[in-house]
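Chain A is already provided as a structure; the job is to place chain B on it using the hints.
Listed here are the chains, written in short residue letters.
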Amino acid sequence: MLNSRHNAANSTPAGTNPSLRLILADSQAIFRAGIAKILTSEPDIRVVAQTGDLGQTLTEVSARDADLLFFEHGLTPAPVEAVAEILKRAPRIRIVVLVDNAVERDTVDYFRRGVHGLITRGIAPELLVRCVRKVAKGETWLDNQGINWLVHAFRTQSAQLRPAEGKHRLNEKELLIISGVARGLRNREIAGEIGTSEQVVKNCLRKIYDKLGIKDRLELALCTVHERLLEHRPAVTAGILDPGPGDPGASPASSPE
Amino acid sequence: MFCVDAALKVGSSVAFSIRMPAKLLGVPQDVLVNGTGRVVRCNPRKRREAVAVVIDDYVFERC
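If you read the sequences in order, they're chains A and B. Using the numbering used here, you'd call the opening residue of the first sequence number 1 and step up by one each time. Using the numbering used here, you'd call the opening residue of the second sequence number 1 and step up by one each time.
In isolation and in its complexed conformation, chain A is listed as follows (with noise of 0.2 Å):
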């Protein structure tokens, strides 16, 4: 659908001593050449590459020695996912997100995935050269909300871990299995909850089972309570929990069925 790469030569002005590479990745075509023609008026800076999809992207970044990437968050329908695979085959590149809109979750996966900058479309020219050079130079680009949106999340997740870090060793996943079972919630209503199926539950329940050393629902639930497993956690609110006319609740198992 897209014809969009670009020769490096053709968007760097003659007599300038280019010291930044830069790629553009946006499924727009007239958002990249708006943005190249904006860095590619500045000296120190050169579009080496403009890609419309995720494919061109993960080619051009493996082929060039770019120093930053502008990565477009609708460029694909996992595009976190994609920021962990580009920085695989480019682990020394910098990743800055372009949005619409900036949401908590998403920046707060972005930068754990190792992305160094956040900016939407919105953002001023001036703004936008600032935040190639600083990030170029190792720094990070975020707004004030994008900034606690991350404090947050480091608050959050230090507390989360406290439980993992003790005896047990339970991972994230087995916590929220916990916290499911903990509520009488079923096996299928916690897959719907956390997003796997039944079956990955039944498998981690066995194994929260070893790890404790118990054999079935209450026993879990007691030891949930006496070793305060979830204390640290936020309160999980109710959402899919309400049950139905006559569903009685969970019913008692030796098996994690």
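Any given hint could turn out to be false.
[As the list claims (entries may be wrong)] Quick list of in silico lysine-lysine cross-link-like pairs, DSS-like style, CA-CA up to 25 Å: (1) A:K211 / A:K173; (2) A:K37 / A:K134; (3) B:K23 / A:K173; (4) A:K215 / B:K23; (5) A:K137 / A:K88; (6) A:K211 / B:K23; (7) A:K173 / A:K207; (8) B:K9 / B:K46; (9) A:K134 / A:K88.
Rather than coming from a laboratory, the hints here were simulated on the basis of the structure. Note that this is a predicted model, so its numbers are computed, not measured.
Structure of chain B alone, referenced to chain A:
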């Protein structure tokens, strides 16, 4: 193992409720578990009776 005021006969059936605090479970409300079981042991302990019960059945009351 439960502590009760009066001794219970081994083999007798019991019904029990356990209220688990919301704060320790990371949920908005306390969780109630109702169950039934059989007494397998009963011994005096600190002026009360310590009763060991085999749990036959239980149900989580949804929060």
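| So which hints don't hold here, by number, going up? | Result: no hint breaks.
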